[in-house]
Amino acid sequence: MDQSDIEYIKAYLGGDANALEPMVEKYKRPLYSFILKMTEGREDTDEIFQETWFRALKNIHKFQHKNFLNWLFRIAHNLVIDRARRNKRNVSMQTLTGGEDGDRTLEDHLPAPGITPAEEVGGTGLGERIEKAVEMLSPDQKEVFLMRMYAGTSFKEIAKIQKCSINTCLARMQYALTKLRSILREEYDELQEALS
Amino acid sequence: MKCSEAEECILLRDSGELAPRHGGALAAHLHDCEGCSRFQHALVEAYDGFQALEEPSHAVLNKIRREARKLAPEPSQARIIYWKPVLAMAASIMIGLGIFLTTFQPDNVGMEFDMTETELLDSHEQFVNIMYSGLSDDDLAFNFLMTYDGET
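Residue numbers (the numbering used here), protein chains in the order written: chain X, 2 to 197; chain R, 341 to 492.
Hints may contain errors.
Residues of chain X clear of chain R, computed beta-carbon distances all greater than 12 Å [stated by the list, open to error]:
id, residue
1, I7
2, R84
3, R86
4, E129
With the Cβ distance kept under 10 Å, some of the chain R side facing chain X (calculated, not the full set) [claimed, not checked]:
id, residue
5, G375
6, A382
7, G389
8, F390
Pair by pair, the computed Cβ-Cβ distance ranges are [claimed, not checked]:
id, chain 1, residue 1, chain 2, residue 2, range
9, R, S344, X, E44, 20 to 30 Å
10, X, D83, R, Q391, 24 to 34 Å
11, X, G128, R, E414, 42 to 52 Å
12, R, G438, X, K67, 16 to 26 Å
13, X, D83, R, M429, 51 to 61 Å
14, X, N168, R, W423, 50 to 60 Å
15, R, K342, X, S166, 11 to 21 Å
16, X, G153, R, A430, 22 to 32 Å
17, X, S166, R, H371, 26 to 36 Å
18, X, R30, R, G438, 53 to 63 Å
19, X, E8, R, L411, 16 to 26 Å
20, R, Q391, X, H66, 20 to 30 Å
21, X, L14, R, A430, 25 to 35 Å
Rather than coming from a laboratory, the hints here were simulated on the basis of the structure. For each residue, glycine too, the CB sits at the ideal point set by N, CA and C.
Throw the hints in and build the complete structure from the sequences for me.
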């Protein structure tokens, strides 16, 4: 864990009420972006973001994880699932057992055959195209991808959060990157030409 | 090494979870396999092209800050109990010492006494006068008897 995070938490627990301010600032973007992409709409995102921090603050004396951002992501993950249960949207989270979509498999989330990811995403900018490609991933795949991109969460940790095996997490990430590989074909070819 | 295994190894190496013994085999595979090189390229590009840019509103952040202040633990009671009297005592001592030093200056007191004493004791007669002034004749006689050793 970031050494400065430990110092901030110690100071906060010692009575310095503003000690966590740098952490709120440091983690606001990755956490908010993660929640925004896992939910529908900014209203939900604001509420979950806020609630994630409230829960973290209430339980900060119990914090024993190696990485504070991973801990926030874990809390956010649970809140996203709770929200999905209530709204009966985002129903394909694997942990959402007993729901009407609980039996859906990975294949159910794959795009229709014959349409390449590059055709599915019509954006022009690379970042925009990647974003659109990620939007088409299933929530499970998207979550693995976002946790890796935004928080650098290890696959072992993601497996614990998603309550699945590491191999399943790897398969989800592989799928996401295979999709991106198709989109990035042109960029790759240009790069290879430049190198040769 | 198969491509699917190589892709897993690429992901695990990226997350720092790849066992060192697989490093060599992965490098050899990447050297020969364009598909896996593309896969690796996609991973690198994803980091570059997919950044966390969205952020919450100030209103949401301010709510969190307020909650953080509200939930912040109180500084421990032991520290308050311990430090307050110590600071008060130290302040009292400093104030008392300051008053004493400004009011009574030891060097001047000693000097004044020495000068007065010197002035008074500059002759034997004056000393005798001081010693015996105010005593009655009976007292003087008694003192004489008590101090007389008979040899002089």
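Going down the list of hints, with the structure as the test:
Taking the minimum C-beta to C-beta distance to chain R, about 16 Å, the non-interface status of X/I7 holds against the 12 Å cut. For X/R84, the condition that its CB be more than 12 Å from all CB atoms of chain R holds, with the nearest at approximately 16 Å. For X/R86, the condition that its CB be more than 12 Å from all CB atoms of chain R holds, with the nearest at approximately 23 Å. Not every beta carbon of chain R lies more than 12 Å from that of X/E129, the smallest distance being close to 9 Å; the non-interface claim is violated.
The closest approach between the C-beta of R/G375 and any C-beta of chain X is roughly 8 Å, which is under the 10 Å cut-off, so the hint is satisfied. A hinted interface residue such as R/A382 counts as satisfied when its beta carbon comes closer than 10 Å to some beta carbon of chain X; here the least separation is about 4 Å, so the hint holds. With a cut of 10 Å, the hint placing R/G389 at the interface with chain X holds, because the nearest CB-to-CB distance is about 4 Å. Because the beta carbon of R/F390 sits about 5 Å from the nearest beta carbon in chain X, less than 10 Å, this interface hint is met.
At roughly 41 Å, the beta-carbon separation of R/S344 and X/E44 lies outside the given 20 to 30 Å, and the hint is violated. Between X/D83 and R/Q391 the beta carbon distance is about 28 Å. The supplied range of 24 to 34 Å therefore holds. Checked against the hint of 42 to 52 Å, the C-beta distance between X/G128 and R/E414 comes to roughly 47 Å, which is consistent with it. Checked against the hint of 16 to 26 Å, the C-beta distance between R/G438 and X/K67 comes to roughly 54 Å, which is inconsistent with it.
At about 55 Å, the beta-carbon gap between X/D83 and R/M429 stays in the expected band of 51 to 61 Å. Judged by the Cβ atoms, the range 50 to 60 Å given for X/N168 and R/W423 holds: they are separated by roughly 57 Å. In this structure the hint that R/K342 and X/S166 lie 11 to 21 Å apart at CB holds, the actual value being about 19 Å. A hinted range of 22 to 32 Å is violated for the C-beta pair X/G153 and R/A430, which are about 50 Å apart.
For the pair X/S166 and R/H371, the beta carbons lie near 30 Å from each other, so the given range of 26 to 36 Å is met. Distance hint for X/R30 and R/G438: a CB-CB separation of about 56 Å, consistent with the stated range 53 to 63 Å. At roughly 19 Å, the beta carbons of X/E8 and R/L411 sit within the given window of 16 to 26 Å. Between R/Q391 and X/H66 the beta carbon distance is about 24 Å. The supplied range of 20 to 30 Å therefore holds.
X/L14 and R/A430 have their C-beta atoms about 29 Å apart, which keeps the hinted 25 to 35 Å range intact.
Checked against the numbered hints above, the structure breaks hints 4, 9, 12, 16 and satisfies the rest.
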